[in-house]
Amino acid sequence: QKEVEQNSGPLSVPEGAIASLNCTYSDRGSQSFFWYRQYSGKSPELIMSIYSNGDKEDGRFTAQLNKASQYVSLLIRDSQPSDSATYLCAVIGGSGNTGKLIFGQGTTLQVKP
Amino acid sequence: KAGVTQTPRYLIKTRGQQVTLSCSPISGHRSVSWYQQTPGQGLQFLFEYFSETQRNKGNFPGRFSGRQFSNSRSEMNVSTLELGDSALYLCASSEQGRETQYFGPGTRLLVL
Chain E
1084 QKEVEQNSGP
1094 LSVPEGAIAS
1104 LNCTYSDRGS
1114 QSFFWYRQYS
1124 GKSPELIMSI
1134 YSNGDKEDGR
1144 FTAQLNKASQ
1154 YVSLLIRDSQ
1164 PSDSATYLCA
1174 VIGGSGNTGK
1184 LIFGQGTTLQ
1194 VKP
Chain A
343 KAGVTQTPRY
353 LIKTRGQQVT
363 LSCSPISGHR
373 SVSWYQQTPG
383 QGLQFLFEYF
393 SETQRNKGNF
403 PGRFSGRQFS
413 NSRSEMNVST
423 LELGDSALYL
433 CASSEQGRET
443 QYFGPGTRLL
453 VL
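In order, the protein sequences belong to chains E and A.
End of the first sequence = 1196 in the working numbering, gap-free, step of one.
End of the second sequence = 454 in the working numbering, gap-free, step of one.
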C-alpha cells in the first residue's frame, strides 16, 4: 500500500463546474496535509494546507480533511481552463518526519472550455 | 520576498560524473528540504536540513548527499551519476516551526 494515494486521472470537467480531487493516506499519525498544483514543466505551487478535521476554504478552493477515514480532498469551484494542471496531495507523517513531505502520484485535471 | 532560487536550472552530465546543485531559501527560512521528481516514481524526499544539520533523510543511496551553510543556503551532491539519476531536483524551504514548504523552480538534470 502506498503511503499517499491519488487517482492519476485525467479528471475532465467542463468550465464552470466543480472539480473534486481525492487523496488517502496510510499513516494514522499524520498531522499536516497539503495540496500543491504543478503545471507541466514547472515546480509545485502551494494551494492550501489543512491540519484539522473539517473544511477549509480559500477563494474557489476548499480542502476537506477526515482523519478517521484518512482522507483529504480538494474541491475547486467554478473551474477555469487555467486550473488544468496536476494536483499533488502531500502529507507530513507522524513524529520523526520533520520536513519530509510524502506525495501522492498526483491527479491530472483537465478543464474543458 | 524573493522566492526559493535554485542553480543551475539545467544540467547535462555523463555517467560516472558528479554534480552539485545549489538552493537559496526564502529570506528568513532556515529549513531546506530536497526532492527528486521522475515520471515513474513521482516526487520523493531526499533529505532535510535545519541549522546546518541534517534532520531527516529519505531512502536514497549514499551517492546522494547534502549540506547546509550558516546562511541557510544548501547544496546537494550526487556522485558517480547513473542514467536513472536523470530527474527534476527540487528544493523547498520553510520557516522555523512551520511545516508549509515553498518550492524553488528546480534543476533539471540529464545524465547521458
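Hints were generated in silico from the structure; no laboratory data involved.
For glycine and all other residues, C-beta sits at the position ideal for the given N, C-alpha and C.
A hint or two may mislead.
Reference excerpt, derived from the structure (chain A facing chain E, CB under 8 Å, subset only) [unchecked claim]:
| id | residue |
| --- | --- |
| 1 | L385 |
| 2 | N401 |
| 3 | F402 |
| 4 | G404 |
| 5 | F411 |
| 6 | R415 |
| 7 | L432 |
Hint by hint, where does the structure go against what was stated? Just the numbers, ascending. 2, 3, 4, 5, 6
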